[in-house]
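Asker: Listed below are the residues making up each chain.
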Amino acid sequence: MQRADQSPLSIYHSYLEQGQLAYQYSPAAQRAVFFPRLVCPFTGSADLEWRIASGQGTVYASTIVYPKNSAPYNVALIDCDEGFRMMSRVEGLPPEEVVCGLRVQLKITRDQPDEAPLPAFVPADPADIARSGPC
Amino acid sequence: MLTPTRGAAAIVGAAESDLGAVAPGLSPIDLMAQGVKRALDECGLQLADVDGVFCTTSQVRLPSLMLCEYLGLQPRYSDSSNIGGASFMSHLAHAALAIDAGLCNVAIIAHGCTQRTAGRSMAQVRDFNPYESPFKPFMPASAYALAAARHMHQYGTTREQLAEVAVAARDWARLNPAAWSRGPLSIADVLAAPMVSSPLTIRDCCLVTDGGGALVVTSAARAKNLKKPPVYLLGAGESVTHMSISSMADLTVTGAARSGPTALAMAGLGVSDIDVVGVYDAFTINTIMFLEDLGFCPKGEGGNFISGGRIAPNGALPVNTNGGGLSYCHPGMYGLLMMIEAVRQLRGECGARQVKNCNLALTHGNGGTLSSQATVILGTAATL
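If you're matching them up, the sequences are chains A and B in order. Take the first sequence: its position 81, counted from the start at 1, is 81 in our numbering, and no numbers get skipped. Take the second sequence: its position 41, counted from the start at 1, is 41 in our numbering, and no numbers get skipped.
The following block holds chain A by itself, in its conformation from the complex (with noise of 0.2 Å):
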């Protein structure tokens, strides 16, 4: 197995600062793998394959969370299409109305100016956003 010049966080950070979120493929498995690594947890080969997700998904589970001191939030896990899962967060809506099943579509954002961009989703049909109003 080759020396990495490059870890797999960074690369993965890269692409999202070129507003992309990336993802492995393991040509052996046939199948998406995620979070990325320099070994596929399904095969044990070293061959993996950049991809670039399409952004859509839909949300496997949702929990707002309750901050002591400051406005609640929605962190959610969610389905990519290219059959990968990740945490992430929903926004444009109400976090009470980010339910299981509800289709997301990626934006990638930033929580601070110096910090790394956040592939954050908001709802795909944008009749979910208009229901909600302005936010």
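Honestly, the hints are just simulated from the structure, not real lab data. All C-beta atoms, glycine included, are put in the ideal place defined by N, C-alpha and C. Some clues are possibly wrong.
What the hints assert, rightly or not - Listed next, the in silico BS3-like pairs over lysine-lysine satisfying Cα-Cα at most 25 Å (straight line): (1) 227/B x 356/B; (2) 37/B x 224/B; (3) 107/A x 136/B; (4) 224/B x 356/B; (5) 227/B x 37/B; (6) 136/B x 68/A.
As the list claims (entries may be wrong) - Which stretches of chain A does chain B cover? Using the computed rule of at least three CB atoms under 8 Å from a CB of chain B, they are: (7) 19-33; (8) 61-75; (9) 84-92.
Add chain B to chain A, keeping to what the hints say.
Answerer: Same frame as chain A, now just chain B:
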């Protein structure tokens, strides 16, 4: 998987350390040592007899070295594997294997945690996961909340059913003088409590207390001549499925679906044989999912199963009779205290909460974010 021989090893000593909010300045190793001393005293063995050491805590890096130094032990065999709260069920299985293989003869299994007096941030290093942490979940609560949300979506489990788990635990705790929370608790109280990570309120979440304890384990042969009746290890099973919640394949099915049947098969028993049950109730959803995965009811029916007081005092199935992590004590990792309760139930030492004719206990530990699962079946001499 390598499994120990049914009944070849037995728990002969079991004791809690100080619990709840301990004296300021006590360390996790102080609590381990206190548990070891009490557990040895009750069975009549000495520190000099101990040649196997198993322990862990999330508070220090090298717990077995610290405990051995503290107690002046140079054991033949030691193990401080950490798979979270299920570590101690795993330690028991590994201790039995080590005893069976002649690697040691008297093993101690210990835990200690001072997270309440030391402060949680001091007591536990949180791993930063670059794929999860930026979204600021409350860990571990949000992971279990996601599982609860999915279980409710998929199976129609209700908020009230989750609350009933907390109420049953509290009703047991009210019978246990050592429990931290002993005031009355209703389903309405649980629902009205402050939300932590939906659908879980603070009353769906385990306590944050200090605590610890120890078990003394030896061969069945040596166990016969000690002060307490031996509690035999009849079955054990373990499963590790993931670390982070985003890597869990199905949030409604845990590794208990593997560890439970493995342990029961080794014991030659079915769930209907079990007299008293312990399932690691870090959050109310745990009790429901573990009872399903262990086979006490079909998948998805856990909410209905626990309803109507079935797992509460005077219910058909006694579950978490000490009051559980929800109301008795939750010192970061709770698995060791669960086994102490099982031992006491099998010895008939539980007073007001004693389960009648109690000969077989199933105790199921959980670690991480539903990540590691370990089940042990314990029995009295009558079950050999």
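Asker: Work down the list of hints and note, for each, if the structure agrees.
Answerer: Structure-based check of each hint:
no.: 1; hint: 227/B x 356/B; verdict: holds (22 Å)
no.: 2; hint: 37/B x 224/B; verdict: holds (20 Å)
no.: 3; hint: 107/A x 136/B; verdict: holds (17 Å)
no.: 4; hint: 224/B x 356/B; verdict: holds (24 Å)
no.: 5; hint: 227/B x 37/B; verdict: holds (15 Å)
no.: 6; hint: 136/B x 68/A; verdict: holds (13 Å)
no.: 7; hint: 19-33; verdict: violated (count 0)
no.: 8; hint: 61-75; verdict: holds (count 9)
no.: 9; hint: 84-92; verdict: holds (count 5)
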